[in-house]
Amino acid sequence: MTVITKQDVNPTAHLTPEDIEQIGVELDAIRQSVIDDRGESDAKYIRRVIDTQRKLELGSRAVLLFSALPPAWLLGTAGLAVAKILENMEIGHNVMHGQWDWMRDPKIHSTTWEWDNASTAEGWKHSHNEIHHTYTNIVGKDNDLGYGIMRVDEDQRWIPMYLAQPVWNFINACFFEYGIAAYDLELGKNLSMPKEKRSEEFKRRAKNTLRKIRQQATKDYVVHPALSIPTGSFLPTLAANFTANLVRNLWSHSVIMCGHFPEGVETFEKKAIPDNETRGEWYVRQMLGSANISGSKAMHLMTGNLSHQIEHHLFPDLPSNRYAEVAPKVKALFDKYDLNYHEAPLPAQVYSAWHKVVRLSLPNGFLATTTAKNLPQQMKMLYAMTTGDKKTRRVAQLRLEQQARRIERAKAEKQATAAA
Amino acid sequence: MSSFSPLLQSAGRRRTTWSEVRTRLEKVANAAVTPLMPADYLDLFHPLRSGAPLRGRIVELVPETKDAATIVLKPGSDWAGHVPGQYLRIGIDVDGVRQWRAYSLTHGPRADGLISITVKAVPGGKVSNHLVHSCPVGSVVHLEQATGEFVLPETLTSDPAGTKLLFVTAGSGVTPVIGMLRNLFPVADEGVVHLDRSRGLDITVVHVAPTRPDSIFLRDLEALDASGSIRLVARYDDQHGLLDVAELATLVPDLAERTTYACGPGGLLDALDAHHAEAGLDLFTEQFRPALVAVGDGGEVSFTSGASVTADGATTLLDAGESAGVLMPSGCRMGVCFGCVVPLREGSVRDLRNGEITTAVPGETAPEGVPIQTCISAAAGPCHIGC
Chain A
0 MTVITKQDVN PTAHLTPEDI EQIGVELDAI RQSVIDDRGE SDAKYIRRVI
50 DTQRKLELGS RAVLLFSALP PAWLLGTAGL AVAKILENME IGHNVMHGQW
100 DWMRDPKIHS TTWEWDNAST AEGWKHSHNE IHHTYTNIVG KDNDLGYGIM
150 RVDEDQRWIP MYLAQPVWNF INACFFEYGI AAYDLELGKN LSMPKEKRSE
200 EFKRRAKNTL RKIRQQATKD YVVHPALSIP TGSFLPTLAA NFTANLVRNL
250 WSHSVIMCGH FPEGVETFEK KAIPDNETRG EWYVRQMLGS ANISGSKAMH
300 LMTGNLSHQI EHHLFPDLPS NRYAEVAPKV KALFDKYDLN YHEAPLPAQV
350 YSAWHKVVRL SLPNGFLATT TAKNLPQQMK MLYAMTTGDK KTRRVAQLRL
400 EQQARRIERA KAEKQATAAA
Chain B
0 MSSFSPLLQS AGRRRTTWSE VRTRLEKVAN AAVTPLMPAD YLDLFHPLRS
50 GAPLRGRIVE LVPETKDAAT IVLKPGSDWA GHVPGQYLRI GIDVDGVRQW
100 RAYSLTHGPR ADGLISITVK AVPGGKVSNH LVHSCPVGSV VHLEQATGEF
150 VLPETLTSDP AGTKLLFVTA GSGVTPVIGM LRNLFPVADE GVVHLDRSRG
200 LDITVVHVAP TRPDSIFLRD LEALDASGSI RLVARYDDQH GLLDVAELAT
250 LVPDLAERTT YACGPGGLLD ALDAHHAEAG LDLFTEQFRP ALVAVGDGGE
300 VSFTSGASVT ADGATTLLDA GESAGVLMPS GCRMGVCFGC VVPLREGSVR
350 DLRNGEITTA VPGETAPEGV PIQTCISAAA GPCHIGC
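Here the protein sequences come in this chain order: A and B. When we follow numbering that gives the first Met the number 0, the leftmost residue of the first sequence carries the number 0, and every step to the right adds one. When we follow numbering that gives the first Met the number 0, the leftmost residue of the second sequence carries the number 0, and every step to the right adds one.
A couple of the hints might just be wrong.
[Unchecked claim] Here are some chain B residues the structure puts well away from chain A; computed CB gaps all over 12 Å:
| id | residue |
| --- | --- |
| 1 | 21 |
| 2 | 29 |
| 3 | 141 |
| 4 | 225 |
| 5 | 268 |
| 6 | 276 |
| 7 | 277 |
[To be verified] When the alpha-carbon atoms are kept at most 20 Å apart in a straight line, the in silico EDC-like pairs for lysine to aspartate or glutamate are as follows:
| id | chain 1 | residue 1 | chain 2 | residue 2 |
| --- | --- | --- | --- | --- |
| 8 | A | 218 | B | 224 |
| 9 | B | 163 | B | 224 |
| 10 | A | 106 | B | 363 |
None of these hints come from the bench; they were simulated from the model. As the structure is a prediction and not an experimental result, all values here were calculated from the model. Glycine included, each C-beta is placed from N, C-alpha and C at the ideal position.
Based on the provided sequences and hints, a complete structural model is requested.
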């Protein structure tokens with residue numbers, strides 16, 4: 000989807016400034032109703048999740064001491080993968096968002112939590128809480144739109160490197176915890192600078208990240224395998240831990256992709272966002288820039304309630320166990336103001352997100368204008384665009400977009416006459 | 000002599016090797032559970048163990064009156080004991096939020112190692128009402144070691160005979176004295192037990208209260224008075240008028256022969272201080288400060304770094320601090336990212352989004368202060384920020 004300000008019909012065009020402010024008022028009221036009600040049962044919830052997760056991890060690692068036995072390997076690896084997913088998603092991500100700060104428990108607090116991940120809590124909190132949640136889906140400001148290695152919006156200019164983005168995406172998915180660490184450090188930008196010019200802040204964060212990676216790798220690939228030596232399970236435990244990390248990476252990457260990449264999620268133009276964006280305007284941007292996953296309670300738990308991405312983006316600091324409860328009220332608000340509540344089951348959203356990654360690996364309009372008949376010519380043009388200079392690309396791009404628009408209009412006319 | 004040295008030397012080497020082994024094991028344990036600590040897992044199974052942060056388990060609730068109860072706790076293994084008159088700070092979760100309060104230890108020390116506090120439910124009091132009316136027996140609470148210098152001298156227990164004491168207590172200031180008196184004169188079913196450590200002790204208690212309360216503590220005092228263990232002089236503002244310290248000599252004729260212990264609000268203690276200093280008499284005090292939270296609109300914001308600035312009720316603490324040159328962490332500046340959280344050590348602040356007030360009372364709220372978001376909070380009276 001291109002940014003809303005460049006679409007034929009801006010999905011917020013029918014909202015008056017008063018509507019937008021009223022949306023803000025109503026969402027603030029929903030938020031306050033949860034805050035007023037927050038108490039013992041919520042505290043019990045998170046403590047139970049943490050208790051269960053820690054015992055699951057402990058038990059799984061204990062079972063993996065015997066990982067040379069296939070049943071132990073399978074059971075331990077599955078348990079450890081679930082434990083890592085729970086820790087990262089339902090616990091770590093949410094605690095770091097400050098969702099549980101209200102309990103005033105120094106051990107379950109955004110200022111003290113360090114998570115079971117190669118990236119540091121500090122790095123994550125900066126790039127996720129501060130940047131992504133403030134500048135959600137603003138092209139050019141929210142780097143979660145592609146993580147700097149992919150294009151996920153028509154308004155991100157196509158360059159040849161994106162042809163390989165399905166591959167980059169998959170590799171990133173497999174090693175996601177390292178991808179996040181590199182992303183949090185803005186590694187691309189900082190490493191391209193000469194060493195002397197790099198900021199002290201970057202050097203400090205890089206050092207901390209390297210230390211975190213070393214501690215995590217030592218834990219999973221040295222200490223626990225070593226503890227399994229008495230049962231001859233060194234290599235099986237190493238493989239088990241690698242697999243558990245891989246499963247967590249793939250799962251969390253998929254869930255995160257579902258949050259903003261499925262087709263139909265809106266993006267926003269930097270210059271169309273006012274400097275002093277009002278609360279109502281910020282809310283509307285969060286509403287349209289997020290997508291939900293529908294499914295079972297188990298699925299909601301395993302996604303860390305990011306399946307309620309819309310509710311999470313509206314209320315990032317409310318306890319995650321409350322998102323399901325406020326979802327119907329939020330959806331009712333969408334309906335009231337005629338806005339699209341983007342929600343679909345997990346396979347559909349994952350497919351849609353990957354579809355976009357593949358579609359936009361090619362220049363805008365390429366897929367729309369390519370048929371079986373003209374494939375050879377299209378491929379030739381693509382080759383020219385890939386190997387040619389900027390001017391060649393620009394000219395070809397414009398022509399493609401023109402052709403794509405013509406096809407769109409022809410299709411629309413056909414539909415109109417068919418309806419008549 | 001010299002024949003012993005090799006033995007001692009080898010024993011020393013073995014001890015060193017064991018501590019080296021322990022350090023190694025600790026390092027492995029840490030490396031195996033990072034980024035958590037082994038303690039985080041041990042806490043799931045044995046929260047009262049030695050080496051853990053001090054906690055206690057509530058083992059019994061003994062109702063005393065309709066609004067007071069004694070809570071009996073099993074303290075963690077590292078509990079260092081207490082001297083009657085001391086108090087502890089207890090951190091307990093009420094409605095999911097950790098609250099800290101100070102309560103005098105009103106019994107013991109007990110032979111079975113349990114400790115107890117007697118709590119009176121204060122109208123509107125969050126923690127006292129929770130403890131008295133919905134006490135979560137069996138749950139784990141957080142503790143700090145017993146503290147306080149309002150204790151009887153050690154020499155007393157060895158030779159009490161002839162010692163004359165005066166306790167002047169006002170309001171809840173009676174609780175440490177209760178702790179001392181219960182230790183000196185334990186009450187069993189048959190009545191007051193007479194112990195060696197209190198034989199011959201001559202104690203007068205002047206208890207001041209706004210009105211004659213139906214309080215557990217007053218009953219204890221009256222019972223001890225009835226049994227002749229102490230002499231109670233109860234003074235109620237509504238019956239006898241406000242206590243004038245100058246009257247003390249009339250109420251307690253042999254005042255000059257007694258060592259005075261006083262516990263209550265600052266006004267009373269200051270008056271006693273002046274009175275006793277003039278008369279050349281010994282005085283030991285402990286101040287029980289009522290949690291007076293005057294919530295206002297804006298106020299003086301002070302920072303631990305030394306800076307101080309006056310801010311109005313619409314200026315965020317973040318803006319106020321930055322204008323005063325304080326290095327403040329920040330992020331989205333709109334309350335979303337929690338990148339600006341620092342501790343509020345004292346005073347009140349208001350959440351500019353919904354008007355909610357957060358208050359920190361040193362000695363009551365958590366030792367480190369209460370974490371707040373500075374980008375959406377404004378001063379609600381004078382406050383002190385930890386950065």
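Hints and how they fare:
Distance to chain A confirms residue 21(B) as a non-interface residue, since its nearest Cβ pair spans about 17 Å, more than 12 Å. Here residue 29(B) does not stay apart from chain A, with its beta-carbon only about 9 Å from theirs, under the 12 Å limit. A Cβ of chain A approaches the Cβ of residue 141(B) within 12 Å, the least distance being about 9 Å, so the stated non-interface status is violated. For residue 225(B), the shortest C-beta to C-beta distance to chain A comes to about 43 Å, beyond the 12 Å cut-off, and the non-interface label holds.
Look at residue 268(B): its CB is around 31 Å from the nearest CB on chain A, clear of 12 Å, so calling it non-interface holds up. No beta-carbon of chain A is positioned within 12 Å of the beta-carbon of residue 276(B); the least distance is around 42 Å. At roughly 46 Å from the closest C-beta of chain A, the C-beta of residue 277(B) stays outside 12 Å, upholding its exclusion from the interface. This hinted pair does not check out: residue 218(A) and residue 224(B) have alpha carbons roughly 66 Å apart, beyond 20 Å.
The straight-line distance between the Cα atoms of residue 163(B) and residue 224(B) is roughly 15 Å, inside the 20 Å bound, and the hint therefore holds. Between residue 106(A) and residue 363(B) the alpha-carbon distance is near 19 Å, which keeps this suggested pair within the 20 Å criterion.
The earlier numbered hints that this structure contradicts are 2, 3 and 8.
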